[in-house]
Each structure stands twice: as C-alpha cells, then as structure tokens.
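Starting from the given sequences, assemble the full structure and let the hints guide the process.
Residue numbers (my numbering), protein chains in the order written: chain P, 1 to 590; chain V, 1 to 95.
Don't read these hints as lab results, they were simulated from the structure. Where hints are given, some of them may not hold.
Claimed, not checked - Calculated lysine-lysine pairs in the DSSO-like style (CA-CA distance at most 30 angstroms, straight line):
{"#": "1", "chain 1": "P", "residue 1": "LYS498", "chain 2": "V", "residue 2": "LYS85"}
{"#": "2", "chain 1": "P", "residue 1": "LYS572", "chain 2": "V", "residue 2": "LYS21"}
{"#": "3", "chain 1": "V", "residue 1": "LYS21", "chain 2": "P", "residue 2": "LYS498"}
{"#": "4", "chain 1": "V", "residue 1": "LYS85", "chain 2": "V", "residue 2": "LYS21"}
{"#": "5", "chain 1": "P", "residue 1": "LYS572", "chain 2": "V", "residue 2": "LYS85"}
{"#": "6", "chain 1": "P", "residue 1": "LYS243", "chain 2": "P", "residue 2": "LYS524"}
{"#": "7", "chain 1": "P", "residue 1": "LYS572", "chain 2": "P", "residue 2": "LYS498"}
Said to hold, decoys possible - Here are the simulated distance ranges between beta carbons:
{"#": "8", "chain 1": "P", "residue 1": "ARG562", "chain 2": "V", "residue 2": "PHE48", "range": "47 to 55 angstroms"}
{"#": "9", "chain 1": "P", "residue 1": "SER29", "chain 2": "V", "residue 2": "ARG81", "range": "43 to 51 angstroms"}
{"#": "10", "chain 1": "V", "residue 1": "THR11", "chain 2": "P", "residue 2": "TYR522", "range": "49 to 57 angstroms"}
{"#": "11", "chain 1": "P", "residue 1": "GLY20", "chain 2": "V", "residue 2": "ALA18", "range": "42 to 50 angstroms"}
{"#": "12", "chain 1": "V", "residue 1": "LEU25", "chain 2": "P", "residue 2": "GLU585", "range": "26 to 34 angstroms"}
{"#": "13", "chain 1": "V", "residue 1": "PHE48", "chain 2": "P", "residue 2": "ALA396", "range": "18 to 26 angstroms"}
{"#": "14", "chain 1": "P", "residue 1": "ALA28", "chain 2": "V", "residue 2": "ALA28", "range": "44 to 52 angstroms"}
As the list claims (entries may be wrong) - Examples of chain P residues toward chain V, derived with CB under 7 angstroms:
{"#": "15", "residue": "ALA28"}
{"#": "16", "residue": "VAL85"}
{"#": "17", "residue": "ALA212"}
Glycine is no exception: its CB is placed at the ideal position from the N, C-alpha and C atoms.
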Amino acid sequence: MDVQTLTYLFVGASFALYIGIAIWSRAASTGEFYVAGGGVHPVANGMATAADWMSAASFISMAGIIAFMGYDGTVYLMGWTGGYVMLALLLAPYLRKFGEFTVPDFIGARYYSNAARVVAVICLVVISFTYVAGQMRGVGIVFSQFLNVPILWGVVIGMAVVFFYAVLGGMKGITYTQVAQYCVLIFAYLVPAIFISLLITGIPVPQFGLGAEVSDGSGLTVLEKLDRSLVELGFGPYTDGSKGMVDVLAITLALMIGTAGLPHVIVRFFTVPKVSDARLSAGYALLFIALLYTTAPAVGAFARLNFIDTVHETAYEDVAGWFRRWEDIGLIGWVDKNADGAIQYAPGAAFAGTPEFTGERGPAGQRELANAPTQAANEVYVDRDIMVLANPEIAALPGWVIALVAAGGLAAALSTAAGLLLVISASVSHDLIRKTLARGISDRQELLYARIAAATAILIAGYLGINPPAFVAQVVAFAFGLAAASLFPAILLGIFHKNANKEGAIAGMIVGLVFTFSYIVYFKFVAPEANNAGHWWFGISPEGIGVVGAALNFATALIVSRYTPGVPVAVKSLVESIRIPAGVERPHMH
Amino acid sequence: MTDREQSGPDTQRRYWRANLKLMGLLLAIWFTVSFGFGILLAEPLNQFRFFGFKLGFWWAQQGSIYVFVILIFVYAAAMRRLDRKFGVGDRGPDD
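As structure tokens, then:
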C-alpha cells in the first residue's frame with residue numbers, strides 16, 4: 001500500500017474510534033457534561049490531561065523549535081512541564097475540594113462577587129479562543145499535507161468530528177476520547193523517534209541516544225557533532241544559549257505560571273472523585289507528558305543533524321523528495337544566490353519574509369521566489385513546523401510510520417481543541433447564563449445552552465482556523481501571559497490568603513490583564529521595530545512579561561485588600577474547608 | 001491508627017502548617033533543579049560530562065523534567081500520610 005492509502009486508513013480508523021467512544025459515553029446531566037460526573041480514575045484522568053495539554057504546538061512545532069534554537073528551546077521544555085508542579089502543590093487539590101464546575105465558579109464564590117466571576121469568564125474566553133485557533137490550523141495543515149485535502153475541508157472535517165464528541169459527550173465523552181487520543185499520539189511520536197535514534201546512534205531509547213556517540217565512526221556524540229557542524233556553518237553551538245539570562249528566567253516562569261493558570265488544564269482536576277486523586281492525577285499527567293517532552297529534545301537534535309546532512313551542499317536536482325514536496329506547499333523555499341545549483345545552508349534569513357512564489361521555475365527546477373534575497377550566505381528558508389512531520393521522510397522511514405505521524409498530529413490537535421471548547425461552553429452556559437443572566441433555569445435547559453455554546457464555539461474556532469489572523473504564532477504569548485497575569489494569582493491568593501477580598505481580586509486581575517495585554521500589543525503590533533532587548537523593560541521580552549503582570553496582580557490584590565472591607569466570615573470558613581480533603585463531594589447542582 | 005493525632009481545635013492549623021512546610025521544601029527543590037541547575041548554573045555545570053551530555057544542558061532539557069514528575073508523586077504520597085495522621089483524609093479507614 002502507498003503512503004496515501006495508509007494515511008487514509010490510519011486517520012479513518014482513529015476517527016471511527018473517537019466517534020465510537022463518544023456514542024458510548026454520552027453525557028446526560030450537566031455534572032457529566034462539565035466534569036464527567038466527577039468519577040474519572042486518576043490514571044485515566046492523567047492520560048486525558050496529557051492529551052488535553054499536548055496540543056498541535058507540542059506535537060508538531062516544539063521539536064522543530066528546539067531543533068533550530070538548541071539550548072534556548074529549554075524555556076518551552078521546562079516551562080510547559082514545571083507548571084504541573086505548581087498545579088499539583090498549589091491549586092489542584094483545593095479546587096477539587098471546592099467541588100464546582102468551572103474556574104470562574106471558584107473565583108465567583110471565593111470572592112463573593114459576580115463581577116469577579118465575569119472578569120474571570122472574560123479572561124478564560126480570550127485565553128481559550130487564542131489557543132483553539134492554533135489547533136484548528138494544525139488540523140488544516142496535517143490534512144492538506146498528508147491527505148491532499150484543501151485546508152478548508154481539513155478544518156471542516158476536524159470541526160465535524162469535534163462537534164460530534166464534544167457536543168454529544170461533553171466532558172465525559174471528551175475524557176474517554178482523550179485517553180484514546182493520548183495513546184495514538186504518544187505511539188505516533190515515539191515510533192519515529194526510536195527509529196531515528198537507532199539509525200543515528202544504534203540506541204533505541206531517544207533520551208539516551210541524544211547523549212550517545214554517532215555511529216558514523218567519528219567518535220563524536222550527537223551533541224558534539226551538532227555543535228561542531230553548526231560552528232563550521234557559522235552558527236553558535238547548539239548546546240549554548242544566546243538569550244539574556246533574565247529573559248530566559250522570565251519566559252520559563254511565565255510559561256510555568258501560565259500553564260498552572262490555564263482553565264482547560266485546571267478543570268481536568270475537577271473530574272476525579274477525591275482530593276487525594278487530584279494530587280495523584282497531576283503526577284500521572286506529568287508522567288505521560290514527560291514521555292513526549294523528554295523525547296522532543298532528541299527528535300529536535302536528530303532532525304537538525306539530518307537536515308544539515310541531507311541539504312547542505314546538495315545539488316537541488318539530487319535533493320530528497322521531501323524537500324520538493326514541502327517546497328510545493330510553500331513551507332520550504334530555496335534561492336540560488338551563487339548560481340551553483342547546490343543548496344547552501346548558513347545562519348540568517350535567506351530572504352525577507354515568508355516565501356512568495358512567482359509561479360516560474362528556475363534553472364534547476366526550483367520554484368522561483370519573488371522575495372528580495374538578503375546579504376546572508378544562507379539560501380534556504382524552512383518553516384520550523386515541518387520538522388516533526390517531515391522527520392520520518394527525512395530519515396527515509398517506512399510509509400506506515402509517516403501515516404502514523406499524521407494520525408498522531410490530528411489526535412494532538414483535536415484533543416486540545418475539544419478540551420478548550422468545553423471550558424468555553426461551560427463558562428458561557430454555567431457562569432454567564434445560569435449564574436449571571438438567567439438564574440433559575442433548569443438543569444436540562446442549562447445542558448441545552450451548554451451544547452449550543454459548544455457548537456457556536458466550534459464554528460468560531462473553525463472560522464479562525466480557515467482565516468487565521470496573521471498573528472497566530474504571536475498570540476500564543478497572549479494565552480500564557482494572560483493566564484499567568486490574571487487567573488493564577490487570583491486563584492492562588494484565594495486559597496492561601498484568607499484576607500484577599502473581592503475588591504483586591506478584581507483590581508489585581510484587571511491590573512495584571514491590562515498591563516500584560518498592553519505590553520504585548522505594544523511590542524508585537526504597535527512598535528514591532530522596537531521589539532528588542534534594548535527597549536524591553538528589565539530585558540524581559542513580551543513572551544516573558546506575564547511574570548511581571550502576575551507580580552503586579554499579586555501586589556495590587558494584597559494592597560487593595562488591606563485597605564478595603566474585610567472578607568465575610570462565611571467565605572473564611574469556605575477557605576478553611578477547601579484546605580482539608582475530608583468531606584469532599586461529587587460536583588452537584590445548587 | 002496509633003499514629004493518628006488527637007483531633008482538637010488546632011488540628012487543622014497544625015495540618016496546614018505541616019502541609020506548607022512540605023510544600024516549601026518541594027518547591028525549593030523544584031526551583032533548584034530548573035532555574036538553578038538548568039539556567040543560572042548551566043554554564044559552569046556544562047564543564048562536567050554526564051552520560052555524554054554537558055551537565056547543565058542535561059538538567060535543562062532532561063533532568064529537570066524527571067525531577068518534576070518525582071516531586072509530584074512524593075507530594076501525593078506524603079500528603080496522604082499527613083491526611084491520615086491528622087484524620088482529615090478523604091478516604092475511609094479501609095482504604
């Protein structure tokens with residue numbers, strides 16, 4: 001069978017599995033729709049959390065980013081895993097004991113205020129839509145590359161599948177689908193990584209292969225060879241950093257706090273039966289995540305090594321088929337600056353911007369570019385996102401591995417999209433409609449609103465996936481920065497500081513949100529030319545500014561709480577009660 | 001159940017203190033391996049080799065993540081003991 005047929009087969013079979021699970025686990029009540037009835041086993045919840053958390057960005061983009069950033073890619077590895085330690089120690093057990101459905105639920109009850117609840121809903125919706133647009137885009141890319149389906153239809157098919165199991169199954173359907181999706185995606189990630197590790201080092205465990213000797217008789221380890229080749233080409237060494245120390249610390253911490261403050265991650269810990277299960281489940285979640293996150297640096301390093309080997313100083317006529325296929329869809333571009341017919345790879349951009357093709361073919365058969373070439377010796381443009389998808393082809397692995405990667409990429413994107421859509425729909429139907437606008441509606445009516453909200457959110461997400469705003473990559477900084485600066489401090493103070501009051505929390509969230517939002521918008525959109533270390537405050541880039549936003553949020557909340565009326569006695573005893581596990585209940589209606 | 005503390009008015013306060021102490025210790029380790037070994041001390045540590053890796057690089061891209069996983073499981077287990085000791089757990093006596 002050819003790769004195309006295999007891919008249809010793998011993707012089709014995985015979709016059939018997801019839909020089958022959705023039908024089997026339909027949600028019948030709001031409790032099941034929002035938090036799966038609070039009855040999910042901690043291991044199953046750990047897998048579901050891992051699939052929920054690992055998005056198209058983790059599966060498709062991260063190894064590519066590490067491949068091209070080397071040590072600097074560390075901020076993503078530690079930032080996106082370290083947050084789980086904070087989540088497990090500081091938030092998850094207490095929120096589970098609180099025992100309601102959503103993050104705004106907690107903020108609304110703890111700060112005895114519907115205004116605080118609405119501010120939390122706004123933060124949540126902004127954060128989640130930012131995220132979901134990227135997922136739908138990922139679905140579109142996988143479909144167009146592997147199945148020759150236009151991006152539009154790829155997104156529509158993805159929407160239909162998510163619609164089916166998110167709207168029907170709610171959290172219960174999503175949870176069990178995500179367990180299956182985790183298995184698909186981790187298998188799809190590990191198989192090519194193991195193959196490539198074997199090919200390059202002869203060691204089947206990529207985590208060890210990364211430190212091992214290359215089996216080409218040179219006696220160099222993978223990282224030594226990579227450092228040496230890159231320095232020869234004029235790059236800095238792979239294992240050394242190039243960012244400022246303060247910025248690296250800030251970005252890592254912002255990603256950690258942001259992770260712990262992301263609503264679709266937090267809400268997963270509402271689904272387990274007991275407080276002790278919430279702690280344990282966070283451990284399983286990170287274990288399952290770590291399996292991919294400790295493999296990614298190996299995949300990145302192997303990919304960079306392979307890329308240099310197969311591309312640099314190779315005549316375009318002899319270059320491997322994948323190079324041309326990715327050139328055909330515009331994610332690779334080559335401009336023959338010295339007219340020698342061979343590809344030279346060096347530091348710096350080959351030309352300004354992303355490739356714009358003239359439609360003509362050059363003398364070697366390459367697609368001619370309309371972009372103005374730069375002075376740099378580098379002749380190739382390569383989109384970082386293709387490294388994981390192209391890796392099996394670059395390493396010439398069998399067709400079924402390539403088909404598997406396509407199914408894995410889709411599993412990663414769909415599972416995250418579904419989790420995000422669910423928190424959006426829950427906060428709209430539960431917090432906005434039931435708790436704020438139309439009090440006293442029945443459970444059945446609320447469930448209907450939840451389904452309508454989920455369906456609407458899917459349509460908006462699909463639209464954003466088909467017509468992505470030009471700044472999709474940049475808005476990722478938004479999601480983490482905003483989560484770090486708005487929700488995380490409010491939740492943390494709510495648990496650990498009994499005297500944090502409504503005025504303090506609302507003021508803190510608004511200050512954190514507005515500051516972070518303005519800083520990012522200023523450097524990304526208003527004055528992008530000033531977006532460099534010389535102009536940043538304290539040398540902190542927009543990616544890391546959430547840390548400063550969070551600090552401002554904490555400071556504001558503490559100061560305002562001190563000079564405004566105290567916290568009601570009933571709320572203080574609520575805080576007392578969430579601090580001990582005894583007496584935990586399944587989520588119920590009020 | 002011989003190690004269970006007498007439940008009194010300040011049981012909850014002592015349980016919370018013990019919890020905060022444990023949390024402080026684990027977060028100190030969390031900070032040391034990630035921000036300490038992986039970032040602040042990465043350069044000096046890179047002079048040492050560890051299974052073919054520069055040591056600072058290994059902490060940044062591998063070691064810290066392993067420690068994160070262990071920390072959460074240690075916290076979950078230690079808290080279950082504390083829950084039981086202070087009699088504030090969410091499990092019945094048979095669990």
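Going through the hints against the structure:
no., hint, verdict
1, P:LYS498 x V:LYS85, "25 angstroms, holds"
2, P:LYS572 x V:LYS21, "22 angstroms, holds"
3, V:LYS21 x P:LYS498, "18 angstroms, holds"
4, V:LYS85 x V:LYS21, "15 angstroms, holds"
5, P:LYS572 x V:LYS85, "24 angstroms, holds"
6, P:LYS243 x P:LYS524, "18 angstroms, holds"
7, P:LYS572 x P:LYS498, "6 angstroms, holds"
8, P:ARG562 x V:PHE48: 47 to 55 angstroms, "48 angstroms, holds"
9, P:SER29 x V:ARG81: 43 to 51 angstroms, "36 angstroms, violated"
10, V:THR11 x P:TYR522: 49 to 57 angstroms, "51 angstroms, holds"
11, P:GLY20 x V:ALA18: 42 to 50 angstroms, "47 angstroms, holds"
12, V:LEU25 x P:GLU585: 26 to 34 angstroms, "31 angstroms, holds"
13, V:PHE48 x P:ALA396: 18 to 26 angstroms, "36 angstroms, violated"
14, P:ALA28 x V:ALA28: 44 to 52 angstroms, "46 angstroms, holds"
15, ALA28, "26 angstroms, violated"
16, VAL85, "5 angstroms, holds"
17, ALA212, "6 angstroms, holds"
Hints 9, 13 and 15 from the earlier list are contradicted by this structure; the remaining hints agree with it.
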